[in-house]
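Novice: Sequence:
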Amino acid sequence: MELFIRETLEKVNDTSTVRSIKPISGGDINQSFYVETDRRPYFIKFNENVASHFFQAEAEGLRLIKETGAIRVPDVYHYDCPDGDEKASLVMEWIEKGSLNASHSLGKSLAHMHHHTSEKYGYGKPTFVGELDQTNEWCTAWTEYYRRYRLGGQLEIGMAEGTISGLREERLKRLMDRIEEFIPRKPKASLLHGDLWGGNWMSTRDGEPVLIDPSVLYGDHAFELALTELFGGFPSNFFDQYNTYFQLPDDYQDTKPIYQLFYLLAHLNMFGEMYGSQVDRILKNYVG
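Just so we're aligned, residue 1 is where the sequence shown starts under my numbering, counting upward by one.
Since the hints were made in silico from the structure, they are not lab data. Where hints are given, some of them may not hold.
Claimed, not checked - Cβ-Cβ distance ranges computed for the label pairs, FRET-style:
#1 Lys120 to Leu100: 35 to 45 Å
#2 Arg19 to Ser99: 20 to 30 Å
#3 Glu10 to Glu119: 16 to 26 Å
#4 Ser16 to Pro126: 28 to 38 Å
To be verified - Using 20 Å as the maximum straight-line C-alpha spacing, the simulated EDC-like pairs for lysine to aspartate or glutamate come out as follows:
#5 Lys173 to Glu144
#6 Lys284 to Asp254
#7 Lys256 to Glu144
#8 Lys186 to Asp251
#9 Lys108 to Glu229
#10 Lys284 to Glu170
#11 Lys186 to Asp250
#12 Lys22 to Glu96
#13 Lys108 to Asp206
#14 Lys87 to Glu156
#15 Lys97 to Glu208
#16 Lys11 to Glu119
#17 Lys22 to Glu10
#18 Lys11 to Glu60
#19 Lys284 to Glu273
#20 Lys120 to Asp85
#21 Lys188 to Asp250
#22 Lys125 to Glu156
#23 Lys125 to Glu60
#24 Lys284 to Glu181
#25 Lys66 to Glu208
#26 Lys22 to Asp38
#27 Lys125 to Glu144
#28 Lys284 to Glu180
#29 Lys66 to Glu96
#30 Lys66 to Asp206
#31 Lys97 to Asp75
#32 Lys284 to Asp177
#33 Lys120 to Glu144
#34 Lys66 to Glu48
#35 Lys120 to Glu137
#36 Lys108 to Glu7
#37 Lys256 to Asp177
#38 Lys87 to Glu7
#39 Lys256 to Glu229
#40 Lys108 to Asp240
Just so you know, even glycine gets a beta-carbon here, dropped at the ideal spot from N, CA and C.
With the hints as extra help, turn the sequences into a complete structure.
Specialist: This is the structure in structure tokens:
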């Protein structure tokens, strides 16, 4: 691995002395390392046997978020688009974590990011949810995109994997057919991080919030907020600040479970039946 790290550093024209290489725990998908050279510290991720756009999707998502100027993300120095079974790398800025609570600032910054919009919904390139392929196209209605590419994509995976069948499959299809009854057809098409759970943000030593590991799309900002409430990691002052700068709709509590359903379906398809009861409960509540 050390040899490969040195070869990767050459791609960013850093041939200085490598002072330290330390594996970083916490990621289930990639091998991650802190690498310090005489020039600077880096955060480097590796993977193999992945699609050619695996790291490209992440790098381009970080670029889009950075261009808003609303919130900090790591700078990207290099990414590979591997062919076949080549090992891929993503080389980024190392940001030292701090202990200061940045959730207050995160709410404000995320709201400002969500004010950056598109005329259409979705995203014109494929991305990933974890290791699952996420097909995206541009749609003129949010309901069309959410039905076809979010719920429909997970339905297709679940039917192939055997995690979605029988009554669960019937209910999900009924919900998809009736989706315009439950979520807005044309909300503001905000730039969304797309995978904003508690592990995908951090704070610097100065208490500045930083977003990492995006899976970007343009859609209803309530979709993003629904995920922040699903697995925890976001205290009340985050939501208070967010609402100060971008008010959630009055029916947010009604739409929230349908937006959380997408992420629960993805977890069902990735990790199995431990998420099945939550999926079934939401489907039953909406379509009987």
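Novice: Each hint needs a verdict: does it hold in this structure or not?
Specialist: Right, here's what the structure says about each hint:
1. Between lysine 120 and leucine 100 the Cβ separation comes to about 38 Å, which falls inside the hinted range of 35 to 45 Å.
2. The hinted window of 20 to 30 Å between arginine 19 and serine 99 holds, with their beta carbons roughly 25 Å apart.
3. Taking 16 to 26 Å as the suggested C-beta distance range, the pair glutamate 10 and glutamate 119 does not conform, at roughly 42 Å.
4. The supplied range of 28 to 38 Å is met by serine 16 and proline 126, whose beta-carbon atoms lie about 36 Å from each other.
5. Taken as a hint, the lysine 173 and glutamate 144 pair is honoured in the structure, with Cα atoms around 14 Å apart against an allowance of 20 Å.
6. The straight-line distance between the Cα atoms of lysine 284 and aspartate 254 is roughly 14 Å, inside the 20 Å bound, and the hint therefore holds.
7. For the proposed pair lysine 256 and glutamate 144, the alpha carbon gap of about 18 Å is at most 20 Å, so the pair holds.
8. Restraint check: the Cα-Cα separation between lysine 186 and aspartate 251 comes to about 15 Å, which is no more than 20 Å; the hinted pair holds.
9. Between lysine 108 and glutamate 229 the alpha-carbon distance is near 17 Å, which keeps this suggested pair within the 20 Å criterion.
10. For a cut-off of 20 Å, the pair hint linking lysine 284 to glutamate 170 stands: about 11 Å separates their Cα positions.
11. About 16 Å separates the Cα atoms of lysine 186 and aspartate 250, which keeps this hinted pair within 20 Å; it holds.
12. With a C-alpha separation of about 14 Å, the suggested pairing of lysine 22 with glutamate 96 holds against the 20 Å cut-off.
13. Proposed proximity of lysine 108 and aspartate 206 is supported: the alpha carbons are some 16 Å apart, at most 20 Å.
14. Proposed proximity of lysine 87 and glutamate 156 is contradicted: the alpha carbons are some 29 Å apart, above 20 Å.
15. Distance restraint check for lysine 97 and glutamate 208: the Cα-Cα separation of roughly 10 Å lies within the 20 Å cut-off, and the hinted pair is therefore satisfied.
16. Of the pairs offered as hints, the one joining lysine 11 and glutamate 119 is violated, with about 37 Å between alpha carbons and a cut-off of 20 Å exceeded.
17. For the given pair, lysine 22 sits about 18 Å from glutamate 10 by alpha-carbon distance, which is consistent with the 20 Å threshold.
18. Between lysine 11 and glutamate 60 the CA atoms are separated by roughly 18 Å; this keeps the pair inside 20 Å, and the hint holds.
19. Of the pairs offered as hints, the one joining lysine 284 and glutamate 273 holds, with about 17 Å between alpha carbons and a cut-off of 20 Å not exceeded.
20. For the hint linking lysine 120 to aspartate 85, the alpha-carbon distance of about 35 Å lies beyond 20 Å, and the restraint is violated.
21. Restraint check for lysine 188 and aspartate 250: satisfied, since their Cα atoms lie roughly 15 Å apart, inside the 20 Å limit.
22. Between lysine 125 and glutamate 156 the CA atoms are separated by roughly 19 Å; this keeps the pair inside 20 Å, and the hint holds.
23. For the suggested pair lysine 125 and glutamate 60, the alpha carbons sit about 10 Å apart, so the restraint of at most 20 Å is met.
24. With a C-alpha separation of about 15 Å, the suggested pair lysine 284 and glutamate 181 falls inside the 20 Å cut-off, and the hint holds.
25. For a cut-off of 20 Å, the pair hint linking lysine 66 to glutamate 208 stands: about 14 Å separates their Cα positions.
26. Simply put, lysine 22 and aspartate 38 have alpha-carbon atoms about 15 Å apart, close enough for the 20 Å limit, and the pair holds.
27. At roughly 17 Å between alpha-carbon atoms, lysine 125 and glutamate 144 fall within 20 Å of each other, so this suggested pair holds.
28. Annotation: proposed proximity of lysine 284 to glutamate 180 holds, straight-line Cα distance about 17 Å (limit 20 Å).
29. Distance hint between lysine 66 and glutamate 96 is fulfilled; the C-alpha atoms sit about 18 Å from each other, no more than 20 Å.
30. At most 20 Å may separate the alpha-carbon atoms for a hinted pair to count; lysine 66 and aspartate 206 meet this at roughly 19 Å.
31. The hinted pair formed by lysine 97 and aspartate 75 meets the criterion: a straight-line CA distance of about 15 Å does not exceed 20 Å.
32. Of the pairs offered as hints, the one joining lysine 284 and aspartate 177 holds, with about 15 Å between alpha carbons and a cut-off of 20 Å not exceeded.
33. A C-alpha spacing of about 11 Å is found between lysine 120 and glutamate 144, which places the hinted pair at or below 20 Å, so the restraint holds.
34. Of the pairs offered as hints, the one joining lysine 66 and glutamate 48 is violated, with about 27 Å between alpha carbons and a cut-off of 20 Å exceeded.
35. About 10 Å separates the Cα atoms of lysine 120 and glutamate 137, which keeps this hinted pair within 20 Å; it holds.
36. Distance check on the hinted pair: lysine 108 and glutamate 7 sit about 40 Å apart at the alpha-carbon level, beyond 20 Å; violated.
37. Restraint check: the Cα-Cα separation between lysine 256 and aspartate 177 comes to about 18 Å, which is no more than 20 Å; the hinted pair holds.
38. For the hint pairing lysine 87 with glutamate 7, the CA-to-CA distance comes to about 12 Å; that is within 20 Å, so the pair holds.
39. Note on lysine 256 and glutamate 229: the hinted pairing holds, with a Cα-Cα distance of about 9 Å set against a maximum of 20 Å.
40. With a C-alpha separation of about 9 Å, the suggested pair lysine 108 and aspartate 240 falls inside the 20 Å cut-off, and the hint holds.
In the structure shown, a violation is registered for the earlier hints numbered 3, 14, 16, 20, 34, 36, in ascending order.
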